[in-house]
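*Asks:* Here's the letter readout for the chains.
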Amino acid sequence: MSGGRGHQRMAWRGRLLVAAVFAILLWAVVYPNLTVIAESFRADGTITLRHYVQVFSTPSELRALWSSIWISAATVLLSALIGVPLALLFARFEFPGRRVLGALAAMPVLLPPLVGVIAILFLYGESGVATRLLQSFLGLQSPPWRLQGASAILAVHAYSMYVYFYLFALAGLARLDPAMFEAAASLGAGNARTLTRVVLPMLTPSLAGAALLTFMTSMASFSAPYVLGGGFRVMTTQIFNSKLQGEVAMAMVETVMLATVSLLVLWPLARWEGSREYVAPSKGTSAMRVPVRSLWARVAVPLAAGVGVLVLVLPHLTLLLVSFVRDGTWTTQTLPPAYTLENYRELFAETHTFRPIFNSLLMAAVATLAALALALAAGQLIVRWRVRGRRLLEGLLALPWALPGTVVAIALATTFSAHQPWAARWVLVGTPWILILAYTLRTLPLTGRAALAGYRQLDPSLEEAAASLGAGPWRTLRRVTIPRLLPAIAAGASLAFVTGLGEFVASIVLYTHRTRPISIEILSQLRDFDLGAAAAYGVLLMVLVAAAFILGQRWVQSGSA
Amino acid sequence: MRAFLELESLTRVFAGTPAVRELSLQVGEHEIVTLLGPSGCGKTTTLRMIAGFERPDSGRVVVDGRDVTGMPPQKRGFGMVFQHYALFPHLSVAENVAFGLETAGLGKAEIESRVGRALDLVRLPGTQGRSVSSLSGGQQQRIALARALAPAPKVLLLDEPLSKLDAALREQTRRELRSLVKEIGMTTVYVTHDQEEAFDLADRIAVLRQGLLDQVGPAEQLYRRPATQFVATFLGRAGAVAGTVEGVPEDGVVMCRLGADICWPALAPASAPLTKGAAVRLLARPEALAFAPSDQEAVLNGQVTERRFAGSFYVYRVSAGGGELEVQSDSSDAKPGDRVGVVPRAAPAGLFAFARSAGEGDGA
Numbered sequence: 001m002s003g004g005r006g007h008q009r010m011a012w013r014g015r016l017l018v019a020a021v022f023a024i025l026l027w028a029v030v031y032p033n034l035t036v037i038a039e040s041f042r043a044d045g046t047i048t049l050r051h052y053v054q055v056f057s058t059p060s061e062l063r064a065l066w067s068s069i070w071i072s073a074a075t076v077l078l079s080a081l082i083g084v085p086l087a088l089l090f091a092r093f094e095f096p097g098r099r100v101l102g103a104l105a106a107m108p109v110l111l112p113p114l115v116g117v118i119a120i121l122f123l124y125g126e127s128g129v130a131t132r133l134l135q136s137f138l139g140l141q142s143p144p145w146r147l148q149g150a151s152a153i154l155a156v157h158a159y160s161m162y163v164y165f166y167l168f169a170l171a172g173l174a175r176l177d178p179a180m181f182e183a184a185a186s187l188g189a190g191n192a193r194t195l196t197r198v199v200l201p202m203l204t205p206s207l208a209g210a211a212l213l214t215f216m217t218s219m220a221s222f223s224a225p226y227v228l229g230g231g232f233r234v235m236t237t238q239i240f241n242s243k244l245q246g247e248v249a250m251a252m253v254e255t256v257m258l259a260t261v262s263l264l265v266l267w268p269l270a271r272w273e274g275s276r277e278y279v280a281p282s283k284g285t286s287a288m289r290v291p292v293r294s295l296w297a298r299v300a301v302p303l304a305a306g307v308g309v310l311v312l313v314l315p316h317l318t319l320l321l322v323s324f325v326r327d328g329t330w331t332t333q334t335l336p337p338a339y340t341l342e343n344y345r346e347l348f349a350e351t352h353t354f355r356p357i358f359n360s361l362l363m364a365a366v367a368t369l370a371a372l373a374l375a376l377a378a379g380q381l382i383v384r385w386r387v388r389g390r391r392l393l394e395g396l397l398a399l400p401w402a403l404p405g406t407v408v409a410i411a412l413a414t415t416f417s418a419h420q421p422w423a424a425r426w427v428l429v430g431t432p433w434i435l436i437l438a439y440t441l442r443t444l445p446l447t448g449r450a451a452l453a454g455y456r457q458l459d460p461s462l463e464e465a466a467a468s469l470g471a472g473p474w475r476t477l478r479r480v481t482i483p484r485l486l487p488a489i490a491a492g493a494s495l496a497f498v499t500g501l502g503e504f505v506a507s508i509v510l511y512t513h514r515t516r517p518i519s520i521e522i523l524s525q526l527r528d529f530d531l532g533a534a535a536a537y538g539v540l541l542m543v544l545v546a547a548a549f550i551l552g553q554r555w556v557q558s559g560s561a
Numbered sequence: 001m002r003a004f005l006e007l008e009s010l011t012r013v014f015a016g017t018p019a020v021r022e023l024s025l026q027v028g029e030h031e032i033v034t035l036l037g038p039s040g041c042g043k044t045t046t047l048r049m050i051a052g053f054e055r056p057d058s059g060r061v062v063v064d065g066r067d068v069t070g071m072p073p074q075k076r077g078f079g080m081v082f083q084h085y086a087l088f089p090h091l092s093v094a095e096n097v098a099f100g101l102e103t104a105g106l107g108k109a110e111i112e113s114r115v116g117r118a119l120d121l122v123r124l125p126g127t128q129g130r131s132v133s134s135l136s137g138g139q140q141q142r143i144a145l146a147r148a149l150a151p152a153p154k155v156l157l158l159d160e161p162l163s164k165l166d167a168a169l170r171e172q173t174r175r176e177l178r179s180l181v182k183e184i185g186m187t188t189v190y191v192t193h194d195q196e197e198a199f200d201l202a203d204r205i206a207v208l209r210q211g212l213l214d215q216v217g218p219a220e221q222l223y224r225r226p227a228t229q230f231v232a233t234f235l236g237r238a239g240a241v242a243g244t245v246e247g248v249p250e251d252g253v254v255m256c257r258l259g260a261d262i263c264w265p266a267l268a269p270a271s272a273p274l275t276k277g278a279a280v281r282l283l284a285r286p287e288a289l290a291f292a293p294s295d296q297e298a299v300l301n302g303q304v305t306e307r308r309f310a311g312s313f314y315v316y317r318v319s320a321g322g323g324e325l326e327v328q329s330d331s332s333d334a335k336p337g338d339r340v341g342v343v344p345r346a347a348p349a350g351l352f353a354f355a356r357s358a359g360e361g362d363g364a
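Chains as they are written, first to last, in this note's numbering: chain A, 1 to 561; chain B, 1 to 364.
Just so you know, the hints here were simulated from the structure itself, not pulled from any lab data.
Just to be clear, a hint being listed does not mean it is correct.
[Stated by the list, open to error] In the SDA-like style, the derived pairs of lysine to any residue whose C-alpha atoms are separated by at most 25 Å in a straight line are: (1) K154/B with D200/B; (2) K75/B with W12/A; (3) K75/B with R479/A.
Given the sequences, and given the hints that come with them, work out the whole structure.
*Replies:* Structure (structure tokens):
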């Protein structure tokens, strides 16, 4: 009988909110992209395909597109090869240290990509710790490898994106009925046969989801190709360079191409997300994890897990190490010879070194609040009021997620560099507002997803109970809806804040010296060969991210009690 | 009794399907009326229209002479107890009960004392600081009631408030609920699908079927003089056999011919008069029938198909007259397979004749 629940005759204030949410989302999410598309067809005031012809007839452009695609495909493969076995290890076996190691293995999902890139640079780069160790061990004249080009990008991608496969496979395994394993065993199947005939086929939906997500993330990846690519160009770096060299029309066409490819990938992903298959029908009778028994396995399993996780977190440990290096002392030695806290002291000592920290914190906070407010308003409209066009609204919330950061940045830079109030365009380029807008857009899918999930779990009769006790809409929102949404808000806000803090891809297109965030400062310290300072900023970012995340988790738990 | 809450031909249509059709009902001051019916009959939709959560497509809700049809729920001042209680899990017991008092803008001391009184009323004193999740199902139910009653609402609405409790607790709680609501003299509308619950609680019962109000009245009236076949079978047990009308109904009693020389008097519904020769279905309460020697006058012969022990008596299922009857008896002598004769004990009491439409079969 709940079929008719929802709004009937909406007050004018409700209509105003609906109109405002639609207007803001269309203005922020759709409008800039339309501007880019329009610009890509425009030359000297006429509509033309000239730019497209030019792009498609330039070999280097096609090479960049092809590079993006094959790098992404290879990234999917490599990430799966790391992530899936790791997930099976942690999901199937009980051994000492499992929980800690399992949590550590999921860590890279939180780390800003740029921090990952420089961490790997410090470990495996030409003058990285591991490279030097190997060089001195083998007595080589020159480093055994150079961390540059396609293979370097692939290595970094695999290092940071295996997490998607790891987490998706873990989630998929958790949904499996443990009795499946017992059924397979009772039918005489050994471990290998159970894996290939039962587990992997049932994990297919999860793995397909991870593959698509990895592919999209890789297509959008900018940090690794930018820092390590050298002459090797992918679409994101190609767009950035076109913009830098003032070839605006080319940048527009490349942006449209990249966005198109990404959206083509999102489509099957969105469809897949709708169908949750292989949910465990029975609950908690059989144990999912088996304790390891044989002596051989008792040593091998924790060892494999420990070594595997160590290799995965080693770059970040290296970053920590380098952050303590005294400036100018580490030249040819394998390991840095002198350590100091000076790098950290300097971060906070002077206005110009503290500025990026302040900028990042402030802009991420404002963007998080904006994305949260929008997401909550949209959640109310979509789930509670079930307004017409709610599917469109949901799409608008999710769309920036499918668009690479470079696309978002170029679209904003193009749209908000003109003062045309009649067309809802203002000059935001050069102000902090354009960065805040970019962060808001990039975090909107995170807060949107959390808000929708929260609203959907919220029992509508709680709000009705409040109304029956005389509480008006505002009081109900304040006393019942928001408190009940707190876990979802906390989860969404902490993810959004973390994303904003480390944002690099859009920032590099939109920043000015005054508005530079931490990620940009890391890059410029790296350029000045001030490795210690770059590492210290990186570690600070890691700490802030971890703090925001842990705080969010606390809040989630306290709210759901 | 003065009508305090009036529903005037309420209609609510969901996606082309009417959930409630032209429903009119009056609830007197201090009266407890139960909306009873199977799931999907429109009883919860009706309650939600009274509360203001659903707006009727047509019709009016009038309280104390005032039309509240377009009024939002928070302005109506009705207390409501939800099926799953809808206690605010993030608030303590006291904060839950105080919620409606705070919206009324009462002072702190006043709120505190009224929360205390409400908790005393539901016999849970001293639970102010507890979290609602630490309470048992029965306690949660009482807190939900305390919360609804604390602001002294004009009308109390309850939506299957006992359905989450186990059987034993349910029976005890509904007696307490009735005496409590009667004690404070609250005008109450209570939704349930449980006939026994309705019998125990209500001053009057409104039986709904497919969005239509079949009959309203005290439980006894509904049981003894059901207006429709549905009411007859939904409230209490009734077997059925086919017959034809013999003679003209007189004083609401009609003679029904069940066989060559078998005629039983039965109560006829006032709303749809039966004519001579009309095909009827004769419904009989188990306690209105008795076994008799098969050569006695007006005996309907049949065969026992089932014997059920029901504590102080037995209920026999007897296949007879092209239908199936149930007979209540103190004796355990008959057993399945036996041929038996059945007669009314005190006709026409407990026997109801309803017109049988052309397409209907003879059976029950």
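*Asks:* Okay, which hints does this one fail, numbers in order?
*Replies:* Going through the list in order, the structure violates no hint and respects every one.
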